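Engineer: Guided by the hints, dock chain B onto chain A, whose structure is given.
Number of protein chains: 2
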Amino acid sequence: MIDYRILINSSLSEYIESIKHPNLKEAIAYALMPGGKRLRPSLTLTLLGDSGLDPAEGRYVAAAIEMIHTYSLIHDDLPALDNDDWRRGKPTLHKKFGEALAILAADALLTDAFAFFTKGPLKPEVKNALVSAASKSAGSNGMVQGQVLDIESTHLPLNINQVREIQLRKTRDLINLSVISGALIAELDPIVLQKLEEFSNNFGLAFQIKDDLEDQKERTSLEINTYPYLLGEEQARTLLKTYQEKSLLIISEIFGEKELYQLVARTL
Amino acid sequence: MIDYRILINSSLSEYIESIKHPNLKEAIAYALMPGGKRLRPSLTLTLLGDSGLDPAEGRYVAAAIEMIHTYSLIHDDLPALDNDDWRRGKPTLHKKFGEALAILAADALLTDAFAFFTKGPLKPEVKNALVSAASKSAGSNGMVQGQVLDIESTHLPLNINQVREIQLRKTRDLINLSVISGALIAELDPIVLQKLEEFSNNFGLAFQIKDDLEDQKERTSLEINTYPYLLGEEQARTLLKTYQEKSLLIISEIFGEKELYQLVARTL
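Protein sequence lines, in the order shown, are assigned to chains A and B.
Going by the working numbering, the first residue of the first sequence is number 187, and it counts up by one from there.
Going by the working numbering, the first residue of the second sequence is number 187, and it counts up by one from there.
Looking at chain A on its own, in the form it has when it is part of the complex (with noise of 0.2 Å):
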C-alpha cells in the first residue's frame, strides 16, 4: 500500500510555515502535527492515483481537506460544545493554549484551507468545483449542521434515522468531499461522482459504526445516541458488514481492486 501521509505532511508544513504570528503558528501547528491517519486527504490522493493521475497534483487540495478536518476536531472539542480535554493522546487545543486561541486558530484553518483549494496548476474550472463542493459539504447544510443536529441531540434519545442523519453530515459529508475532491480533479464522468457519492454513504456510515464499536469497549459512560446501543451489538456488526461490502464493491467496480479499495479494507 502506498503510503500519502510524507506527500499530506509536506503540504501542511508548507503551510505551517506560512503563518507569520508567532503563537498563531505554534497553535495551528499543534493542532495539525503530527496527525492521525490521514484518512481523509489518503482518500484524495488515492482516488488519484488509481485514476492515473499524479497525487502530487491534489496535494493542496489534500492538505486543505484535513485543515477543514482539524478546524472542526478544534471548535467540537471547546468547553460549550463536547468539551473534550484531550484529543490524539495530546491536550485538546483550547485546554493547551486556551479557548480564544483555540476559537482563531480553528478559523483560520477553515479560511486558509479555502486559498489551498485554488492553489497550484489546476484548471480554473476545477478550482471553483473544489471551492464550491468544500464550501457545501462543510457549510450549513453539510458538516456543520450534523454539529448543530449532536449539540441539539445531547441526552435526548434518538432514533436509528436521527442518529444516521446526524452522522451523515458530521462524517459523511467531509468524507463525501475527500473522495469528489478526488474525482473533480481527475475529471472522472458524472455517472463515476454519483456512484463515488454511494460509496461515500456506505463508507462514512461503516466508519462511524465500527468507531461506535470501538469506543463501547472504552468508555465508562453509556452513549445512547450509537448504533451499538440502539440496534444491539450484533445487529450493528451486520450493518457494519454490509456498508463495508457495499463500499469495496462499489470502489472495485470503478477503480478494480488497486489502491483505493487496499486503503478502504484497511479502514474498515
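It should be emphasised that the hints constitute simulated quantities derived from the structure, not laboratory data.
Be a bit skeptical, because a hint or two may be false.
Heads up, the list lumps identical chains together, so a pair's fine if it works in one copy or across two of them.
Claimed, not checked - Cut-off 20 Å, straight-line C-alpha distance, at most; resulting in silico cross-link-like pairs (SDA-like, lysine to any residue):
no.: 1; residue 1: Lys211; residue 2: Lys322
no.: 2; residue 1: Lys396; residue 2: Glu200
no.: 3; residue 1: Lys305; residue 2: Thr357
no.: 4; residue 1: Lys211; residue 2: Glu338
Computed from a predicted model, the values in this text were never measured in an experiment.
Structural biologist: Relative to the frame of chain A, chain B by itself:
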C-alpha cells in the same frame, strides 16, 4: 447617492432561505438581519457601478463579504474573546442562542461565504482570484491575525505602531477585500489595484480613528490602545483628516467624484 442595501439584503435573504436546519437558520438570520450600514458590500457594488458594470453582477460576492464580516463579529463577541452582550442594540448571538450555536452559526457563515464567491455568472479565473483574495484577507495573516494581536494586547500598553498594525489587520484587510473584489470583477488594471490597496490603508485607518473618537464620548472605561488615547484627541483628529483627504484623493483620481467618492465622503 445610490443605496445598494436592498440588493445586498435580497442576496443575503436568498442565502438565509437556503439553510435547512430551522434553529441554525434562525440564528444566522438574527445575525445578518436587519444589519448595519452594509459598508463593506456597498464598497464592492459602488465600485462596480463606477466602473460601468451592472452592480448586480457582484451581488453574491458582496453578500459573501458581509457574511465573513458577520462571522468575525460573532466570534469576536464570544465570552472567550471580547465577551460582549450587545451588538447593534440587540443581545449578541451567544446571549440569545447560546455559545455553541453562536460558534457554529459563525462557522457556517464563513464556510458558506466561499460558495457565494463561486456562484453566479463571473469568469472562472475571476472567481478563483476572489476566493484566494478572501482567504488571504480573512485568514491567518489577515483578519484572524488582527484578532489574535488584539486578544494578546488586552490590558497591555501598546505604542502607536502596534495599534496601527492591529487596525490594519482587523479593519483594513476586509475593507481592502471589498474594494479589491470589485476591481477583480471589473477586471481593472493591476496599477489600479495597487492604488486601491493604498486607498484601503488610508480608509481603514481613518474609519478606525473616527470610530475611536466617537466611542470615546460614550465609553465609561478607558480604552488605552486607541489613537485618541495615544496621540491625544487633537492630533488624532488631524490624522483622521489626513487619511480622509488621501482616501478621497485616490478615489477621485481613479473614478472621479462619482458614487464611490460620495460613499467614502459620507462614511468618514
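Engineer: I'd like to know which numbered hints this structure contradicts. Please list them from smallest to largest.
Structural biologist: The structure breaks hints 2 and 3; every other hint is satisfied.
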